[in-house]
Amino acid sequence: MRIKSLIAFFLAVLVSLAAGTHRWGDSSHAIGLMSANGGKTRHPSFLKSGWDRYTQITTATVLPPYHGDVSVALEGYPSLDYEIRLSAPVVDLGMHRLPVFKDNILYDLQPKDRLTLWVHMRTFPRDPVCGMAVREGDLSLNHKGHTVYFCAKGCLERFKADPERYKNIKGPQGRYDLAFYDTRTGQSVLKVPLIFKSKEEPPDASCAHQ
Amino acid sequence: MHHAHINKPGVLTRHRYWIMALALVLFLPPLSFLFQFTGDSNFCGTWCPRMFFVWRKGAGLDAYFMGYLRSFMGAALVLGILATTFFFGRYWCSHLCPIGGAMEMGSRLVPKFLKIDFSRVPAVPLRYGYLAVYFGAAALGIGSLCCGYCNFATIPRLFGAPFSGADLAYFLRTAGLINLGLVLLLGVFAKGGRAYCNLLCPIGALDALVNRFGFRWGKRVVVAASRCTGCGQCLDRCPTWAIDMPEKTARIDALSCMPCGACESACPTRAIRCQKSQVNPAPKVRTAYEKA
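Chains as they are written, first to last, in this note's numbering: chain A, 1 to 210; chain B, 1001 to 1292.
Rather than coming from a laboratory, the hints here were simulated on the basis of the structure.
Note that the structure is a prediction, hence the values are computed from the model and not measured.
Please note that the accuracy of each hint is not assured.
Claimed, not checked - Pairwise CB distance ranges, derived in the manner of DEER restraints:
| # | chain 1 | residue 1 | chain 2 | residue 2 | range |
| --- | --- | --- | --- | --- | --- |
| 1 | B | K1276 | A | A36 | 24 to 32 angstroms |
| 2 | B | Y1017 | A | P44 | 44 to 52 angstroms |
| 3 | B | L1209 | A | Q110 | 39 to 47 angstroms |
| 4 | A | R53 | B | R1216 | 52 to 60 angstroms |
Where a beta carbon is used, it is the ideal one built from N, C-alpha and C, also for glycine.
Please put together the full structure from these sequences, using the hints given.
See the structure below:
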């Protein structure tokens, strides 16, 4: 009986360890402080390349004395489709004043306001050789049942010559920012870095487009 | 004690579903009534009851106690739960917890033939294996189970998702879908609706320890051996499979029991009561799986 319990205990430890240490990489959370002098992020959000959609959650607190209206945008190249939603009670009982979020602008932020934004992103297909964003209708090739798009003929030729070399290159890479600007002064009040990592950087990121 | 009182399950047992329903309304969307006192809309943030007590590698004492301040409502809630458990039993788990309550209520909507019986699963070692990693992974700095696998994050968003895009966004990611799967598998589709509570709730795991080690001093669900006929009707009704039946007398494991009163209602001889214990807790409980 004791042996069975011990086995169950260690089985639970193993499964929980696997669950607790694995990161899926399609969502991430960051905490920020908003202030007139650019704000502060506790740590960047790390995401893994290769997903076609991502969720980033930013929890921010407004440091006194800052107050104002703030626009929010996801900055980075190539641009991603994104939607930002503010977490708020479904039925507002009016116990606390909440900032209004409309058309990606937070209206009437007050000192000590706490807010949670859910950023939902979708990626475009990318050129596997140089990492550039491509759209349907660009140069393409059918590779193992998938349509692969290219920015230019040179990249397509390189891919054809050695497709194995480019197999890991998917999705956005590098740094994006969830950027908050005071609408009156245009000054940055918070920048939350989102860093997309893949196993490899694009091998030919600097290739000359022909 | 009054005779009529002995012959009827307690008032908290008889009205448990009404109390659970009230807790769902007070805590969960669309109203999120209690959260709005502090300007929150769910358990995440000020009300987070699951992260403040976990020590993370590299955190000094000041950073550790900052966590208590950051989640002061969650900290007050958990300390209150543990204190009431010590003296009165686990009424938070059985009557008030909106997360366990939502899963149990959900399981009542599922037809019987679809329900999964987890009673052969050894709950106690699995629960504390999970809890060991819950604390250990953070202390070693190798990962975390806190937010990624949290039904206190999942259930309120499930209730909010039809109304709010932000709540819906919670499920548009791998972690959200895994959490939804766990809530359905171990909650809604579990017989009794409480397998998640019994296996994967860290507050429940801490609460169970207080329940077990405070047994001597507080009110607990106990069996009057002289009245027990060994009919076994309580075994089938227990949502946390905490009862076994050695030598034709029911025995309740205080490490898994919560005072839901399912066994109390089921007992034809009214041998089970929630009261101040006169007997020692079952010293070593052989659960159904151990006998197998």
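Cross-check of the supplied hints:
1. Between K1276 of chain B and A36 of chain A the Cβ separation comes to about 60 angstroms, which falls outside the hinted range of 24 to 32 angstroms.
2. The given range of 44 to 52 angstroms is respected by Y1017 of chain B and P44 of chain A, whose C-beta atoms sit roughly 47 angstroms from each other.
3. A beta carbon spacing of about 43 angstroms between L1209 of chain B and Q110 of chain A agrees with the range 39 to 47 angstroms that was offered as a hint.
4. One distance hint, 52 to 60 angstroms for the beta-carbon pair R53 of chain A and R1216 of chain B, holds here, with the actual separation near 54 angstroms.
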